[in-house]
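These protein sequence lines map, in sequence, to chains H and A. If you're matching positions, the first sequence starts at 463 in the working numbering and goes up one per residue. If you're matching positions, the second sequence starts at 92 in the working numbering and goes up one per residue.
In silico DSSO-like cross-links for lysine-lysine, where the CA-CA straight-line distance does not exceed 30 Å: (1) A:Lys-432 - H:Lys-828; (2) H:Lys-668 - A:Lys-432; (3) A:Lys-432 - H:Lys-754.
Hints were generated in silico from the structure; no laboratory data involved.
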Amino acid sequence: MLDQPIALESSDSGHSESGPSQGPAVVRFAGDSGDGIQTLGSEFTKSSALSGHGFMTFPDFPAEIRAPAGTTFGVSAFQIQIGGDRVKTHGDTVDVLVALNPAALKTNLAALRPGGLLIADRDAFAKRGLEKAGYAANPLEDGSLDGYRLEAIEISRLTREAALPQGVTKKEAETARNFWALGLVYWMFSQDRAPTAAWLTSKFAKRPEIAAANTAALDAGHTYGDVTDMAPPPRLRAVTPSSPRPGTYRTLTGIDGMVLGLAAASALSGLRLHYCSYPITPASAILHGLAKLGGEGVATFQAEDEIAAATAAIGASFAGGLGVTGTSGPGMALKAEALGLATAAELPLIVIDVQRAGPSTGMPTKVEQADLNLALHGRHGEAPLPVFAAAGPGDSFDTVIEAARTAVTYMTPVIVLSDAYTANAAEPWRLPDVATLAGIAVDRDIDADGFHPFRRDPESLARPWAVPGMTGLAHRLGGIERSSGSGHISYDPDNHQEMTDLRAAKLDRIRAALPPAKVSTGTDAGRVLALGWGSTQGALKTAVEDLAAEGHAVGHLHLRHLSPLPRGLAEIFALYDEVVVAELNSGQLRTHLQGLFPQVSFRGLTKVTGQPFTVAEIDAALREDLS
Amino acid sequence: MNVMNPDLAAPATDAGPQLTARDFTTDQEVRWCPGCGDYAILKAVRGVLAEAGRRPDDVVFISGIGCAARFPYYLASYGFHTIHGRAPAVATGVKMANPDLDVWVVGGDGDFLSIGGNHLMHALRRNVDLNLIMPNNAVYGLTKGQYSPASATGMRSPSSPGGSVEAPVNAALLALGAGARFIARSADTLQDHLPGVLKAAQAHRGASFVEILQNCVVFNDGAFEAVRDKGLTADRTLRLEHGQPMIFGKDRDKGIAIDWQTGTARVVPVGDGGPVYDVTVHDQTNLALATILARMDAPDLPLALGVLYHAPADDFTAQRADAPGRVIDRATLAGLLAAGKTWTVGEAAAGTQT
Ligand code: SF4
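Isolated chain H (complex conformation) (with noise of 0.2 Å):
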C-alpha cells in the first residue's frame, strides 16, 4: 500500500446516513448566542443522563464575544448523541435540528441528515431575520428544505401565549421560547421535564415570575408534542438506554477532567497544587475552574504572560509544590525555554497544552492536533520529556494524575496534550473509589550526609527533591550543564555526554514502567490496525466495533504515551498488513512512526479542517484499505 495520506472532505459536508450504527440519535440545538442555547443543552443533556442514556455533547459557540444577534457569526449551537453504551462521540450527522433563527439554519442545516427532522421557529423567519443570514427567500417557504421533515411552528407566539399568564413582560417571555423546543424534544424521547423544572425554580429564586414562564413554556412545548399529530420519527422513539456500570455518575468535560484529575493529583501527593496559567482559549476554563478551589488548598497564579506561567510553576515546583502550567498553541511556543530548563534542572512540572487550529491565532475554538510535533521535539538542546495525550473527558483525569506521577516519580516535565475538542466535549463520568486511588510518592527524606543534588536513584533515576528550608541541603540549581553528582558548573566534555544520556535514560526507565501497548477493539491480527491518539478516540473505536462485527479484520489501538511510546508496538504492527494512523493533523504521529518503525507499513489519515473525524469518514478509509 502506498505511504498516502486519504484526504477527507469537512465533515460539515457530509449528507450520508450515519453509518451502521443504528440505535442512537443525535439532537442539535442552534439559535442565536443570546437564546440560551449552551442552557438547553446542558439542560437535555442532564435529563438524557437521569433516564439512563449514555452520551457525548459537543458546544459549539461563536469566537466573537458579543456577535451581533441574528447574524450567521453569532449563533450558538450544542449537539448531543444519546442512546446505548455504545456512544462514544457527538454524532455524525444529526437526526433532529432545532433552528431558532434563519441564521441558525443556514450554519447548521449542513450537520442534518437528509429526511432528518427540522424545527424551526416560524415566527423568527420573518424580513430582518432572514436578511440577515443572507436569506433572499424565505427557506421554510421557498421549498428548498423538501429533503428533510420540516415542523415549522409559531414557537414565539406559542411560547408568549403559556408564559404572558405568569406576570411577565412581553421581552421575558419571548425569551422563554428555548424552554418551548426543549419541552417539544423532552416529549420526543419521552423525557423527564422535572429536573429542569426544579432548575428553573433554583436558578430564578430570586425572579418566581420568571421561573413560572421558562417552566410554564417547557409544559406547553411539552404539550405541543403531545397534541398535535406530530408524530417523532419512528427510530428516535426506539432509542434505547443502556446498562453502564453501576455506579454514581456525573457530565465531565475534557476541562472538568483536567481541574479534577489535578485536585486529585494533589491529594494523592500530598503536594500543595501551582497552577500558574495566562489566559488563551480554550485552555483558559482550567485555571477558571482551579481558581475556584482556593479555599479548598489549590493555589492558582494568573501570570503575567507564557513565559511567567511556566517559570512561575517551576519556581513553586523548586519550593516543593506541585508546579502546573497549562496553555493553548501560540502559548506552548513561548514555554518551550522553560521546559528546557525544567528538563535541564530535573524539577517535576506538569504542561498542558490544550490544542487548537493553528499556526498562530488560527481558529481558537476549533479541535487540531498539530502541536505533538511542537510537543515531542520542540526545545533547544536534546531535551527528552515525557508526552501523553488524553483521549477524552474521563481520560482526561486519568491522564493528568499519570503525568503527576510521572513528574514527581522521575523529576521531569511532562506534557499533557489535549484538545478544544476534548476540552468542551462532556460524557457521563464513573465517580471513581478516591479511597483506593494510588497514592503519588514524593521522597523528601533525604539524608543530608552525603547529599549531592544530582546522585541520582538508580533505578528511577531521579535526583533527590531537595526544597528550601529543608535543613543541610542547601544547593544550587541551575541552567548550566551541572556536574552528574554534585551538581556543580561543569563544562567537561566526558560529563555533558553522560547527562545527556542520562536525560534520554530516564525516558527508558519510563518505557519500562508503562503498561504494553495493547489492541483495545477488534480484531488482535489482521488487514488493518487503526492507530490513533488523544481525542480522535470515539470515532476511531466506534467506526472499527462496527467494522469487526461485518466480520472485517480490523483492529484500533490508541496511544496514550507518545513519549516514550509503550513496549510491543513492534509486535503489534507486525501482525497487521498495515497500520493507517488516523490523526487531526498532516501526518506528524505517522511520520514520528516511519523513522522508529521503518519495516511497516504506515498510512496516513488525516483531517485538518478545525473539526473531528467523523465515524463515517474513518468508517470508509478503513473500508477502502480492507477491500
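We have chain H already, so just place chain A with the ligand on it with the hints.
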C-alpha cells in the same frame, strides 16, 4: 555601619549562634573579572545575610542570566540560576509555594530592564515579598559589551558602532511607575552605604527594589565614577535619610529644595552660605518626592542614593485568599468529584437522581 533609617531595626532572627559572612560562602571559586563591581556587592550581601540572621537553609537566591546572575553559586543558601529575565517569575512561584523563605532575586540591567522587564514590573506591582537587587553596569557584560537599556545615549558598542540612539531607562522611576513600595539606590564600592540599603530591603516585607550602580571594568569602565569615587561622591550624590534635611557635599554645604509647584529640585547653599530652612526634609513615604528624587542627576543635581521610597502594604501572599499551608485531602477531593448533578446506576441499571 551607617544606619540611615528609623525603620531599619533588625528583623526577628532565628534562634541560634550568630552567623557570619562565612556561613553564606560556598566553596565555589568566584569568577568575575578582576576589579568587577560585583565582588563588592557580593561581600555586602553576605554581610547583610549574616546580620539578618535567617538560616542559610531558609534563604533562596534566584537569578536569570548575565554576570550578576552568577550570585547564587557564591552564596551558601538555596539557589537557582534560571533563564534570561525570568528570575522574578520563578521567584514568585517559590514565594507562593513557601512564603516563609527569604527570597532574593539578582539581575543586571539586561535581565531586569530588558528581556525580563515585564516580569520585574509585575513582581513589583503584585508586591511579592522579594528582595530584588539590580547591579546596573549599563552594559551587557556576559555577551561582550553591547549597549543595554540603561546605557547612555551615544554609547559606542559592538552593536552600536555609531553610538546608541536610544534613551536610557531610569530604573527607579520605572519601579515607581510599576507600583513598587520599596525603592533604593546605592553603588558597589560604597561599603559605608550599600549594606544599610540592603538590610532595609531585606527587612521590608513586600517587593524591595534596589538599584546598585556597578562598575564593569571591561566594557563600561568608569561609567559611574562620580558616584563611586571617594573624592567625587560627596559632591555628586545625595545620601537620603528619612526625616532629615537633604544636605550633601564634602563640607555639607549644599541642600536640595523642592519646588512643589513645579515638581522640581534645586540646589541651595547651606550653613554659612545660606539659610537651612530652604532645604526639604526627606520623607520616604512621599510618592511625589520619590518621583522627583528618582529623576535627579548630573550635571545640575546630585544623584539620590539610599531609600527613595518606602510605603509598606500587604504583600502578595498575604493578600491572597488561599491558605498557603493547605493541601487538598482525599475527603475534599471526593466532595469535589461528586459536586453538582450526579446520578446513581444500581445493579438493575435504574437511574436515580441525587
Ligand atoms: S564583564 Fe563586566 S560585569 Fe561582567 S564580570 Fe567582567 S567586569 Fe564584571
